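Trainee: Turn these sequences into a full structure, and let the hints steer you where they fit.
Here's the letter readout for the chains.
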Amino acid sequence: MSNATDVLIIGAGGAGSSAALHLAQRGARVILLERGLIGGQATGVNFGGVRQQGRDPAELPIARRSREIWARLPAILGTDCEFEVTGHLKLARNESEEAELIAYLDVARNHGIALRLIGRNALHEDYPWLGPTVVAGSYCAEDGAANPRLLAPALARAARRAGAEIHERCEVTGFAHDGAGFAVAADGLRFTAPVLLNTAGFWGGGVAAAFGETVPVSPLSPNMLVTEPVRWFIEPNLGVVGGNVYLRQIRRGNVIFGGGHGENDPSVPCSRPLPDVGAAAMRRALELIPALAGVQVIRSWSGIDGQMPDGLPVIGPSRTTQGLIHAFAFSGHGFMLGPAIGAILAELVLDGKTDVPLEPFRIDRFAGGDSSVVRAEPQQQHS
Amino acid sequence: MKFDRRSETSRPVVGFFLDGKPSQGLAGDTLMTAILTQDGYLRRNEFDGGKRAGFCLMGACQDCVVSVEGRGRLPACTTYLEPGMRIVRP
Amino acid sequence: MTVAIVGSGPAGTRAAEVLVRAGLRPVVIDEAPDNGGRIYQRQPPGFQRAGKQLYGFEAGKAAALHACFDDLRERIDYRPRTLVWNIRPDGLNTYGDGRYGEVAFDQVILCTGAMDRVVPLPGWTLPGVTTLGGAQIALKGQGCAIGKRVVFVGSGPLIYLVAWQYARAGVAVTVLDTSGFTAKARQLAGLLRGGGTFMKGLHYIAWLRLHGVRIFEGATPVAIEGGEEVAGISFRDASGRARRLLCDAVGMGWGLKPETQLADLAGVPFDYDAGQQLWLPRRDAAGRSPVAHVFLAGDGARIAGADVAELAGTRAALAVLETLGIPTEASVLARLDAAIARHAAFRRALDNAFPYPAALAAAVPDETILCRCEAITAGELRRAARETAMPPAPEVNRAKAFTRIGMGRCQGRVCGPAGAEILAAALGCTVADVGRLRGQPPVKPVPILAERAVA
Chain A
1 MSNATDVLII GAGGAGSSAA LHLAQRGARV ILLERGLIGG QATGVNFGGV RQQGRDPAEL
61 PIARRSREIW ARLPAILGTD CEFEVTGHLK LARNESEEAE LIAYLDVARN HGIALRLIGR
121 NALHEDYPWL GPTVVAGSYC AEDGAANPRL LAPALARAAR RAGAEIHERC EVTGFAHDGA
181 GFAVAADGLR FTAPVLLNTA GFWGGGVAAA FGETVPVSPL SPNMLVTEPV RWFIEPNLGV
241 VGGNVYLRQI RRGNVIFGGG HGENDPSVPC SRPLPDVGAA AMRRALELIP ALAGVQVIRS
301 WSGIDGQMPD GLPVIGPSRT TQGLIHAFAF SGHGFMLGPA IGAILAELVL DGKTDVPLEP
361 FRIDRFAGGD SSVVRAEPQQ QHS
Chain B
1 MKFDRRSETS RPVVGFFLDG KPSQGLAGDT LMTAILTQDG YLRRNEFDGG KRAGFCLMGA
61 CQDCVVSVEG RGRLPACTTY LEPGMRIVRP
Chain C
1 MTVAIVGSGP AGTRAAEVLV RAGLRPVVID EAPDNGGRIY QRQPPGFQRA GKQLYGFEAG
61 KAAALHACFD DLRERIDYRP RTLVWNIRPD GLNTYGDGRY GEVAFDQVIL CTGAMDRVVP
121 LPGWTLPGVT TLGGAQIALK GQGCAIGKRV VFVGSGPLIY LVAWQYARAG VAVTVLDTSG
181 FTAKARQLAG LLRGGGTFMK GLHYIAWLRL HGVRIFEGAT PVAIEGGEEV AGISFRDASG
241 RARRLLCDAV GMGWGLKPET QLADLAGVPF DYDAGQQLWL PRRDAAGRSP VAHVFLAGDG
301 ARIAGADVAE LAGTRAALAV LETLGIPTEA SVLARLDAAI ARHAAFRRAL DNAFPYPAAL
361 AAAVPDETIL CRCEAITAGE LRRAARETAM PPAPEVNRAK AFTRIGMGRC QGRVCGPAGA
421 EILAAALGCT VADVGRLRGQ PPVKPVPILA ERAVA
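If you read the sequences in order, they're chains A, B and C. Numbering follows the working numbering, in which position 7 of the first sequence is assigned residue number 7; successive positions increment by one, without gaps. Numbering follows the working numbering, in which position 33 of the second sequence is assigned residue number 33; successive positions increment by one, without gaps. Numbering follows the working numbering, in which position 278 of the third sequence is assigned residue number 278; successive positions increment by one, without gaps.
The hints are simulated quantities; they were obtained by calculation from the structure and are not laboratory data. As the structure is a computational prediction, the values presented were derived from the model and not from experiment. Keep in mind that the hints are not guaranteed to be accurate.
What the hints assert, rightly or not - Simulated pairs of lysine-lysine, DSSO-like, Cα-Cα distance not exceeding 30 Å:
(1) C:200 to C:52
(2) B:51 to B:21
(3) C:148 to C:52
(4) B:51 to C:148
(5) C:200 to C:184
(6) B:21 to C:148
Mentor: Okay, structure coming up:
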């Protein structure tokens, strides 16, 4: 028995679920395979930032495209996934960090993103709860945050309504390509299609390898903490230059923050936040907002994302196999991009092209030992 | 509803402050006992606004959390009363 | 070679005793100020009641357990008032007296005890409603009744014990026992195996009846009534008649459930036990878990009562010694194992006589709060189950992600059992199918602080 379809997608995170939706909406037959539960890894466990500010300029066109989709989520999905335009305030804690903020203003402007630089006095006046070491901030009014646990399931639900077939707890155990199309074995079933989308997160590296493409992706685990609900007072989504702490407060009052990395074993898969990393995040959070002292942390968590050496994801067609398209390893900041990635993948599949420049994300940019391809300053911030 | 002292009533009196007002408990009282022998609730839930007075009395349900000046947020059922404590009910 | 023991109730105390006798100096950590756990909770300094008044028929056992620990005090590294909020393969993360700390271990025995298992009722969040265990702690630990006219609702051995303790303290008491007589009668043979324990239970019931305490067996609670505090409780009696009681406090409970968060974080696998209707950490008869160096004993591993907890603590410590190359005579082990096994038949009969009322839990009205911490209703859980059910069987973690049930300060401790029944009923699957809530550190809330002292 074989399930033949137009497009097979492996991995139901934000990218895969969005791809299923966009393809199904345009009439393609889609089967999405997920070995765990939809949105169970990177897309579901990150900080929840819907953020354009601070990205590597290569990602900004995708981020702009995605931001436009985020605004229309209620119309597309029937839910906003608790997306709120809180603004993103990126903070500098010393002069050299401030210089970085300043340097990025032009980068943002060139991509149509208006940032407002706020000096020390105005910053402490506008946000009196900021700690004294904060010297400057860059504010992006368009940015915000959403509930990461809701996005991929909402995308998948809409995809299913549009006709996509989704299989959870369905692990892919084998791939093959016979020159005409793909055959994928999963959970005792066999699926075939001329097109295969690899949106398997960290495990996308393994999928790519099955088709002869070696990708230097390593497992990346965020280290997240959340507090009890307290009086709401932190309006913007907060980040810092360098990304070693990020923090936001939801309307219900819980403060979500993180920084650094947890530990993981992708072969299980399992991941765990680390007490020392949590302690460091606490210290940095207190430096930003002294009033958080004594607030109770009630839970921490982690997950597994894919990290590339240059901090940029792999997006684009396979270099070895016709019909295989990759979109994985979003290096800790793919949450916000998920909706657009799906739209872009649908365009690649159905139109053979997309307007969004994908050259910086080529899968073979690390091939042949060409170290000159490595970019400076990989992104640390987890969305 | 108030906690009803059935025994151990000849313990020394301990003064404390509840929501800024002077109050009294007995040495060995938990904050829950000290408060619930005076008044009928410990806190209000953040989301439905309802009055709460704890539930499990053993530090598991977390429904008895009160604020103690200088000590932060503590579970009333497993924290013992000290003289002069300033307790604020959230 | 450091052995850590988490919890100094019956299991933890006896485990410490065995290790000290073998020449070790275990680290014993407890959130409470002193040993005894909950059943043998020591009264605060300055309290004067005699053991018989506090512990009734168990006064002798309580005294022995306290004396045992007092004898050990100087020979163990004792950390009272200290929370273990995380466990890693070779150490514990602690918080106590305003400071964070770490305790390294080579072996650890988890004796973390249990808490009540409840069914939400309309009005159960009102001031004046506590668990059965909580009502008992108020009286035993603080000399207070939770009210002047108390209704106890639930089933299991504890309800009659607490009712008896309250009635003897002069409090007006009524009992709504949700278990039917038939279920109990069917278990008579097994219950009789409980010997003394069973007889005590009969004694409590007889005493209550003799002293005019009304006991409604086969009762179905409907709602706890009141505006800002408990004013009454409505129920249906065994014949289905609607009835109402005036009261100012309600104690509720349907058995106990183990506090297994640390076992979960330690990576111990769990299995659903249909007899206890609980997910339990896997262990062998001696208390060894599949995770090297992690041992489990007492009600924190499976509900079996204080007597078994003492035996299990002893047995687990002997297993630890064996791991450390200090064997115990086989006959000693055999006697201990036999004593533990003898209690099993009684425990099974208790589980069967007083099952968790799954039907009552599944029928919690839509408007009733299910998750106390986040104030989320049962109806919201049912709505989420219908909207988001995706094959194969969905489960409680996804339900939590969508509804916030279990995301509060208690991390699902209180709402977990009923939530699972409601979800299973809404989805038409078994409660085992919906899985169990995934645990993460901290197991209880810990504060954001800048300093981290390493103890």
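Trainee: Work down the list of hints and note, for each, if the structure agrees.
Mentor: Against the structure, the hints come out as follows:
The suggested pairing of residue 200 (chain C) with residue 52 (chain C) holds, with an alpha-carbon distance near 14 Å, which does not exceed 30 Å. For the hint pairing residue 51 (chain B) with residue 21 (chain B), the CA-to-CA distance comes to about 19 Å; that is within 30 Å, so the pair holds. Restraint check for residue 148 (chain C) and residue 52 (chain C): satisfied, since their Cα atoms lie roughly 23 Å apart, inside the 30 Å limit. Restraint check: the Cα-Cα separation between residue 51 (chain B) and residue 148 (chain C) comes to about 20 Å, which is no more than 30 Å; the hinted pair holds.
The suggested pairing of residue 200 (chain C) with residue 184 (chain C) holds, with an alpha-carbon distance near 15 Å, which does not exceed 30 Å. Between the alpha carbons of residue 21 (chain B) and residue 148 (chain C) the distance comes to roughly 26 Å, so the proposed pair stays at or under 30 Å and holds.
When the structure is compared with the earlier hints, no violation turns up for any of them.
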